[in-house]
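A.B. asks: From first to last, the protein sequence lines are chains A and B. Its first residue numbered 1, the first sequence is counted upward by one per residue in my numbering. Its first residue numbered 1, the second sequence is counted upward by one per residue in my numbering.
Read the hints as simulated data drawn from the structure, not as lab findings. It is possible that some hints are incorrect.
[Said to hold, decoys possible] Cβ-Cβ distance ranges computed for the label pairs, FRET-style: (1) A:319 to B:232: 53 to 63 Å; (2) B:50 to A:431: 34 to 44 Å; (3) A:323 to B:177: 30 to 40 Å; (4) B:377 to A:485: 52 to 62 Å; (5) A:328 to B:389: 46 to 56 Å.
[As the list claims (entries may be wrong)] Covered by chain A, according to a simulated footprint, are these stretches of chain B (three or more residues, beta-carbon under 8 Å): (6) 132 to 144; (7) 157 to 169; (8) 337 to 348; (9) 367 to 380.
All C-beta atoms, glycine included, are put in the ideal place defined by N, C-alpha and C.
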Amino acid sequence: MRKGTTTERWRGTAAACCGAAGLALLGGCGRVDSFPPAASAGAPSAKPGLAGLSEDAGSSLRAGSALPSEVFAPAAPRTAAPSEAAPDRASAGIAAGSSDLPAASSGGSNALAAMQAPTPAGAKPAAAPPKAEPPTVAGEAGAAARGQSEPPLFQGWAKPLATLVITGEMDGYVEPCGCAGKDNMKGGIARRYTFLQGLTQKGWNPLPVDVGGHVKRFGPQNEIKFTHIADALKLMKYQAVALGKRDLSLPAGDLLNVAGEKGGAFVSANAALFDADSDLIPKYRIVEIGGVKVGVTAVIGAGYQKEIQNEDVFFSPPADALQKVLPQMQSKAEFLVLLSHASPEESEALAKQFPQFQIVVTAGGADEPRLAPEIVPQTKTGLVECGHKGMYLVAIGIYGKGIPWRYQRVPLDSRWADAPSMVEVMRTYQQRLEREGLKGLGLNPVAHPSGREFVGSAACADCHTNAHSRYLETTHAKAWKTLAELPVPRHHDPECLSCHVVGWEPQKFYPYKTGYLDATLTPLLKDNGCENCHGPGGLHVAAEENRDKFAEADLKARRKQMHSDLSTAEQSCRTCHDIDNSPKFDFAKYWEEIKHKGVD
Amino acid sequence: MNSPKVWFLLMVVALAGVGGGLYLTASSNPGAFLGPQTVHVGGPIAPPPEGDPQPKVEVVGGLEYDFGNMQVGETRRHTFRFKNAGAGALKIKAGETSCKCTISDVENGDVQPGQETSVTLEWKPTEEASRFRKTAAIHTNDRTQPEVVLTVAGTVLRLLTINPDPLVFSQIVEGKAAEGTFTIHTPVDPTFQVTKLEFTDPETAGYFEYELARTPAARLEELGAVAGWDVLVKIKPGLPLGLFKQRVKLFTSLKDAPSVEQLVQGQVVGEMTVVGGGEAWKKEHGVLMLGQVSRSQGSALALKLLVRGKYKDLEAVEAETLPPGVLEVSISKRENYGKTGLIPFEVRVPKGAKPIVCSGVRKEPYAEVRFFAPGQRDQPLFKMMVQVVVTDD
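Next up, chain A with everything else stripped away, as it sits in the complex (with noise of 0.2 Å):
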């Protein structure tokens, strides 16, 4: 073989190592996890997630642009104007899952001046929004300036020494809230135990809090269902959990078997159980958890005390319980996380108050979390909303003194698998529903508004077959059935029963006399069915069936009852047709599919 020249041979090592190095790179650090990992306790491999979904962190900035006049009196806007909101975001230097951040392991002590502690938003304000910047390695405030793109969830995270996970307010949504196809839909209990599983195996220490905001009715079903996600937080290995102003609503007893479990992960500094003394719920606890000791306690806000009337429950105003509890619990931990279960207004005058603490969850925010977090004026706190229903958690990474935590708003949409174990949970509990009947969940049937009675739409059938020829094809008229062959069966839930049957308050979930009551007793009532819109058909059924008995007027008067223009049309469908239950409704689309009238 005959030797290369020098260029020939450098030519050829050059090559060489480009190839090489080419191959090294794909062999050596191409692993990419797929989630969940194999050992995730059984649950099923993730599906894609919904390409483009903005929910991953960012930094925002708000525009704050002059508000258009207003026809109501103005409510403070919760927004900041750019002035003030600038600086806390400009100059937080707080991580927001940047991608521009190094990560830890790479940069070093750039990395640490990158990731820099805030300074008060005393500094000196910007003067308008900042406009967007070239992108640069170099820090947070940079980022935060210029509007920072979407990144993937944790982008640019070190591996945290614990993930403080936050949820709250889940108002009762065990599941996706509605039932529009759980692709469609984010939250549940499921899902969220999957993402805990997830930190867990890849050793990033979740500690998981909540807010409060379990239940939104008062009665047995939500007394059971306050039972069962009590079981599901205990499942979850929750830490610390607030109770909101529906949980105080139930009954002391209940609040006694769930909250006042010794050993339990319910917190509240100002709420007690029957006696303002009684520690039946801890004041606050103190956990340890990858070297670093957290300390969480939990207030029930001031205003919304006012709409609690339960008097086996005694409240003292927040500040003060927070003034007793907070040396105990700096002389125990190094990071202090107040859930306040009260207004982002009380909650942010709270966290001034009281500057100790790094994190203040709030209740009352808006539906989602923000994409960066806030930062509490002339504080270094973080305010953090979690959204409702449960759609969201924020994920807070800490990684000890001295150094900046990490946010990261995490949705729970369908790229998390459902975790076998909560999908049990809620199994046991619409089996525990099963059991209870509408009796044992104190439904008693109440009389229409109308007076009238229902008779079930195959009475209307025999007159107007081309309606109800129509009806049968559409998916009204399997309404049940789409309960009942769930994998886990819902037909024996009234929050599911009542826009799935006939004869039913969509809203409030319970029966009207002669409406629907179970499958054995009421065959004729399942699905929803003709008068769900037009009204209970007893009253006119029962006029034309004895026509001869029954005046001219006093016929047309009882079909003109049963009778819906569209307007009135719309407001029906809308009654069950929700924004939880049919996100994409659009009622001249929905109505041409099940369009009829007039009888035969």
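Based on these hints, arrange chain B on the given structure of chain A.
C.D. replies: What follows is chain B alone, placed relative to chain A:
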């Protein structure tokens, strides 16, 4: 070795290796395990090749807009200005929104260097969801920002709001009166009036009264309202034990909301009640459902007696069971919490209990546990029915 083909192949291999390695590095970050990722290289719009002039997206005026207060059914729009601060053509297109109520219109998906285009978000709340925050993603071919997320936020105001809704009385002690207030308020009409009020459930309407008063200014400010009325609901003693529900119909001066309904609900409890027992204790019926128990196994269930009102000073209780020999009850020391006491007790079917059916139907009456003050067996304070079937296996 001198062959151009060989050189070419080597370069391709090298570039493929480096490129592939870069791709996988980008995606194998610490967070990758937590779900499929949007990878910057190769996003929804491909960026120009590396050597070509690159676009640079800027959003003039910021990424977030607050609509302030809105009404259900009202449509608001905001236009975000996208500028190309780079040297190459910028391409943008609408991506996903976090709610179908937000629609993005992209004026011009192709933006030359130095030029701007607009992206309009439209928001029409269809439900009174109070505070909202919605996001919309815009895909770009800027390799450093393949996705820009816009946010709109605000508050949806209701014409009328009731706080709290419903009005819940968690427990009213039997024989006692109770009061609670709800506020009905509006952000719209300072002359708003409640013209009439009715309790519409006839079964219990006789126990309900009300007083109406204007909501104080300070409270209106808290609520963000311009006018409101406080409705003090008074419940007379005598409601039967158990759950109750009453509907209140309020007639108003608002043309668009001439009447509205509020729910008042709660439960009436005795001065001595049982807590605990999980599903087994049917408090509405006063029955403890122990179910089927094998006499060779036995069973035990821990509960507590909650004592208050006229029983608040009752330090201890004794219990007897009927029929004899089926159940045992042991009682522990009272726990004190102010004016309330909790007396723990345990109901047991002992091992070796005689087989019996106490189903509560026909000729098989429930078993009973009777509680009485010490030495006062003839005056039971509380009776608990027990459903149990003791079997012989």
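A.B. asks: Each hint: holds or not?
C.D. replies: Against the structure, the hints come out as follows:
no., hint, in the structure
1, A:319 to B:232: 53 to 63 Å, "28 Å, violated"
2, B:50 to A:431: 34 to 44 Å, "59 Å, violated"
3, A:323 to B:177: 30 to 40 Å, "36 Å, holds"
4, B:377 to A:485: 52 to 62 Å, "56 Å, holds"
5, A:328 to B:389: 46 to 56 Å, "51 Å, holds"
6, 132 to 144, "holds (count 10)"
7, 157 to 169, "holds (count 7)"
8, 337 to 348, "holds (count 5)"
9, 367 to 380, "violated (count 0)"
Taken one by one, the earlier hints fail for this structure at numbers 1, 2, 9, listed in ascending order.
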